[in-house]
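Read top to bottom, the protein sequences are chains A and B.
The numbering of the first sequence is our numbering, which starts it at 1 and goes up by one.
The numbering of the second sequence is our numbering, which starts it at 108 and goes up by one.
In short, the hints are calculated from the structure, not lab data.
Glycine residues also receive a C-beta, built at the ideal position from the N, C-alpha and C atoms.
There are no misleading hints in this set.
Derived DEER-like restraints, expressed as beta-carbon distance ranges:
id, chain 1, residue 1, chain 2, residue 2, range
1, A, ASN73, B, ILE165, 53 to 63 Å
2, B, GLU389, A, LYS71, 27 to 37 Å
3, B, ILE292, A, ASP85, 22 to 32 Å
4, A, ASP85, B, SER323, 13 to 23 Å
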Amino acid sequence: MSKNTKINSTEKQEIPDELIITDSSLVLIVLHDKKKLILEQLLEKDMTIQDLRQSIGLNPGTIKRHLDDLKKNNLVFESRIEKNDYNITMKYYRAVARSFKIRIQIP
Amino acid sequence: MQTNTKSNQKSSTFSETKMDFKIAWQSLKGNYKAFIGTVIFAGLALFITLITLTSILILIVALIPTISVDEFFGKFSNNFGLSRIFRILIGLIAISIFYAFLNSQHGLAYDIMSSGEMFTEFKNSFAYFKKYWWQYPLLTFFLMIINTLFSLGYRFENSGSHIHNYPINIIQISLNIGELILFFIWFLLFIHTFPSLTSQGSFKRSYTESLRIIKSNPKRVISTWGTFFMIFVIPLITLGFFAEHFINLYLAIAFGIDFIFVIFIGFPMLSLLARGIYNNVEFQRFKPDLEEKIEGN
Numbered sequence: 001m002s003k004n005t006k007i008n009s010t011e012k013q014e015i016p017d018e019l020i021i022t023d024s025s026l027v028l029i030v031l032h033d034k035k036k037l038i039l040e041q042l043l044e045k046d047m048t049i050q051d052l053r054q055s056i057g058l059n060p061g062t063i064k065r066h067l068d069d070l071k072k073n074n075l076v077f078e079s080r081i082e083k084n085d086y087n088i089t090m091k092y093y094r095a096v097a098r099s100f101k102i103r104i105q106i107p
Numbered sequence: 108m109q110t111n112t113k114s115n116q117k118s119s120t121f122s123e124t125k126m127d128f129k130i131a132w133q134s135l136k137g138n139y140k141a142f143i144g145t146v147i148f149a150g151l152a153l154f155i156t157l158i159t160l161t162s163i164l165i166l167i168v169a170l171i172p173t174i175s176v177d178e179f180f181g182k183f184s185n186n187f188g189l190s191r192i193f194r195i196l197i198g199l200i201a202i203s204i205f206y207a208f209l210n211s212q213h214g215l216a217y218d219i220m221s222s223g224e225m226f227t228e229f230k231n232s233f234a235y236f237k238k239y240w241w242q243y244p245l246l247t248f249f250l251m252i253i254n255t256l257f258s259l260g261y262r263f264e265n266s267g268s269h270i271h272n273y274p275i276n277i278i279q280i281s282l283n284i285g286e287l288i289l290f291f292i293w294f295l296l297f298i299h300t301f302p303s304l305t306s307q308g309s310f311k312r313s314y315t316e317s318l319r320i321i322k323s324n325p326k327r328v329i330s331t332w333g334t335f336f337m338i339f340v341i342p343l344i345t346l347g348f349f350a351e352h353f354i355n356l357y358l359a360i361a362f363g364i365d366f367i368f369v370i371f372i373g374f375p376m377l378s379l380l381a382r383g384i385y386n387n388v389e390f391q392r393f394k395p396d397l398e399e400k401i402e403g404n
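Just chain A, same shape as in the assembly (with noise of 0.2 Å):
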């Protein structure tokens, strides 16, 4: 049984099904290779950056750097903060919908 503390929460938020973006400059975002794989991990859960570490494998510091696009970017949002056992602080982040489209229309 966790014995996880929450010391800040936004659960409660709902989470659309569906995000449409036609803003071209998020698409290259959304595209990016490693931020559309973190961006996949964080569909159905919100995950830590040491459980994005993993799960796909890349430096905590370039997950970092990626989330912190992702976030300025509003694609991605902190969805809680707990501590653990010993009171470590731990992040969680959570993609701002379940699944994303992109739609673009010229002109």
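Model the placement of chain B on the given structure of chain A, informed by the hints.
Showing chain B alone in chain A's frame:
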């Protein structure tokens, strides 16, 4: 019944100490590049500062026509007092920079255990150096006050003779053990100023919190730091003492190996253990400034 409670308390304190070391070791293993990089950079900074400042001093002395460089730095020079002040000053500046970088490891420990990201990078130590460039060295000088006083005492007592010329007798050994015990007590009182300063950003609060930690959790603090001293400090002091007195190649090599072990493993473990204890024990904490401001609004 009473015996059982006492033994349970003992095993609980020991298991907490075991947990402190386990978490600190795991954190060090996962972030060893950042910690080792910081130690190497601190050493380089010390070396470069010493070389640069000494070169500048030599250049300035060389430009003064009435003083020759040899005479200025010579032991029997008329300017010996002045050159000594400059040499002490250069040493102080270099060691302060070294301590500031070395103790940036407390910032790295904060990144791992308190920031929420659970990892750190070497470049972050520069940010902590910039933020606490004068507080970290000052805290270190304060922590080392016992050793400095004893070291000065030995010098005055022996009129500056080299340490291996000191007699080894029961008084000398008792003095060394006394110094170690006093240093340990002083260390217990003030070691948690480092994690507290990194969390709170306040010099005054860090001393108050450090004293509160030892007051509220004496057993845990003594047990964890006692183990730390037994692994890292006592072997180094003992080897150093014998290597100085009995000039012996094997002792000198053993001392060198232990010194590297302490610098690369001991110092990172110190910052991670201090952060772990600071986070994990119950005591009356100050709220960080930012939280207070938010609540005040």
